[in-house]
Amino acid sequence: MEEEIEVRNPNGVNVIGVKSWFAYVGVGGLALVLFGILLPLAFGIGTIAAIVVFVCSALFVGYRIMMLRSVQLYYDDAGVWMYSGVLPWQKGAGGVKWRDIDSAGFTQGFLSWTTRSYTVRIGHRFTKDSEIILTNIAHGDKTAIQINTIHQEMLRSGRAS
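The numbers in my numbering rise by one with no breaks, and the one at position 14 of the sequence shown is 19.
Source of the hints: derived by calculation from the structure; they are not laboratory data. This structure is a prediction, so every number in the text was calculated from the model and none was measured. Any given hint could be a false lead.
[Stated by the list, open to error] In silico SDA-like links for lysine to any residue, alpha-carbon gap of 20 Å or less:
| hint | residue 1 | residue 2 |
| --- | --- | --- |
| 1 | 102 | 120 |
| 2 | 96 | 77 |
| 3 | 102 | 57 |
[Said to hold, decoys possible] The calculated label-pair distances, taken between Cβ atoms and stated as ranges, are:
| hint | residue 1 | residue 2 | range |
| --- | --- | --- | --- |
| 4 | 88 | 56 | 57 to 65 Å |
| 5 | 99 | 37 | 29 to 37 Å |
| 6 | 42 | 113 | 30 to 38 Å |
| 7 | 67 | 132 | 17 to 25 Å |
| 8 | 120 | 66 | 40 to 48 Å |
| 9 | 132 | 42 | 42 to 50 Å |
Yeah, the Cβ is synthetic: ideal placement off N, Cα and C, and Gly gets one too.
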């Protein structure tokens, strides 16, 4: 059964890419080290040290998970955008307008294919500084194809100017 990625957002944007399960593997490994190795070592030092390690580890792992969950690749009438951020001073979006998109692509490889987690690149026609590169995007292959299809439709209809 094919999973549908696109979700219609009430703000008039279409979310077409989020982090895949594979992006959370690193956070799981970090949690394993913090709670499985560092926490028992802290208990050897004392209860207060263990409490400090537990609280700090829980906050850090929770923050990393929320950061991964905050990443969204979406499009609207103006272009393709990437939103991320948890804390108020971190939240923001950046992107490429339809008129400036060169093309969208994804990396291919055995690991990407088996995990369905791709690196997606939305290129800018004039500069590499303004392109979007996101790793571990769920079904990023379909996301890149969808962006290219919409971009071609926008160019044909004259709405990409």
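Results of checking the hints against the structure:
1. 102 - 120: Violated: residue 102 and residue 120 sit about 30 Å apart, past 20 Å.
2. 96 - 77: holds, 12 Å
3. 102 - 57: violated, 46 Å
4. 88 - 56: 57 to 65 Å: Given range 57 to 65 Å: violated, Cβ gap about 35 Å.
5. 99 - 37: 29 to 37 Å: holds, 33 Å
6. 42 - 113: 30 to 38 Å: At roughly 36 Å between Cβ atoms, residue 113 and residue 42 fall inside 30 to 38 Å, so the hint holds.
7. 67 - 132: 17 to 25 Å: Between residue 67 and residue 132, where Cβ atoms are some 36 Å apart, the hint is violated.
8. 120 - 66: 40 to 48 Å: Since residue 120 and residue 66 have Cβ atoms about 21 Å apart, the given range 40 to 48 Å is violated.
9. 132 - 42: 42 to 50 Å: For residue 42 against residue 132, whose Cβ atoms are near 44 Å apart, the range 42 to 50 Å holds.
In terms of the numbered hints stated before, the structure departs from hints 1, 3, 4, 7, 8, listed from lowest to highest.
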